[in-house]
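Engineer: Sequence:
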Amino acid sequence: MARALARRPERESGPRVVALDGPSGSGKTSLAAALLPLLGPGARVLHLDDLYPGWDGLDPVVPLLVSGVLEPLAAGRPGAAPRWDWARDRPGEPLVVPAADVLVVEGAGSGSRACAPHLALLVWLETPAALRRARALARDGEAYRPHWQRWAAQERRHFAREGTRERADLVLDTG
Numbered sequence: 069m070a071r072a073l074a075r076r077p078e079r080e081s082g083p084r085v086v087a088l089d090g091p092s093g094s095g096k097t098s099l100a101a102a103l104l105p106l107l108g109p110g111a112r113v114l115h116l117d118d119l120y121p122g123w124d125g126l127d128p129v130v131p132l133l134v135s136g137v138l139e140p141l142a143a144g145r146p147g148a149a150p151r152w153d154w155a156r157d158r159p160g161e162p163l164v165v166p167a168a169d170v171l172v173v174e175g176a177g178s179g180s181r182a183c184a185p186h187l188a189l190l191v192w193l194e195t196p197a198a199l200r201r202a203r204a205l206a207r208d209g210e211a212y213r214p215h216w217q218r219w220a221a222q223e224r225r226h227f228a229r230e231g232t233r234e235r236a237d238l239v240l241d242t243g
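Going by the working numbering, the first residue of the sequence shown is number 69, and it counts up by one from there.
Read the hints as simulated data drawn from the structure, not as lab findings.
Predicted model, so just to flag it, every value in this text is computed and none were measured.
Any given hint could turn out to be false.
Restraint ranges, calculated between C-beta atoms of paired labels, are given here [stated by the list, open to error]: (1) Asp169 with Arg225: 32 to 40 angstroms; (2) Pro109 with Ala221: 22 to 30 angstroms; (3) Ala197 with Ala167: 34 to 42 angstroms; (4) Arg218 with Pro109: 34 to 42 angstroms; (5) Ala101 with Asp241: 15 to 23 angstroms.
Where is the CB? At the ideal position from N, CA and C, for every residue including glycine.
Please model the complete structure; the sequences and the hints are all you need to start from.
Structural biologist: Shown next, in the form of structure tokens:
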């Protein structure tokens, strides 16, 4: 994947943005952690879990990401978006995203059409649903269990509308 990114032309300004998209439990966070050391010291990761505005926040995170983070970074300024306070179920302090050579944005929605003009690489991760559910519940515990179906329904609608998998530069089976 680092080689695929290296083959992409440099942007005039701002970071080279890699979107790791796919449904919950497909391995986006794990892949981002594995990629970070391969992308060099100027690479950073943005986890959309920090920004989703609640359990119905998949579609609403996209404009937060584009206007708050991707557009400012492309213009050479730091980005910022409200961090979601999951414990209080409300917006929290802003999450500042400093300039970077490479920004890996991991999370469902990161490969949306609105994000596409800012992306150097869109990677789609897929895994069978039963394995994804087991991974997600192991990662997030019982707090996620009552929201699994609700979130999965948002993902299905979002991905169908956005055609994310079909637009991906790279599709990885992480099952």
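Engineer: Indicate, hint by hint, whether the structure satisfies it.
Structural biologist: Each hint tested on the structure:
no., hint, verdict
1, Asp169 with Arg225: 32 to 40 angstroms, "holds, 34 angstroms"
2, Pro109 with Ala221: 22 to 30 angstroms, "violated, 40 angstroms"
3, Ala197 with Ala167: 34 to 42 angstroms, "holds, 38 angstroms"
4, Arg218 with Pro109: 34 to 42 angstroms, "holds, 39 angstroms"
5, Ala101 with Asp241: 15 to 23 angstroms, "holds, 19 angstroms"
When the structure is compared with the earlier hints, a violation turns up for hint 2 alone.
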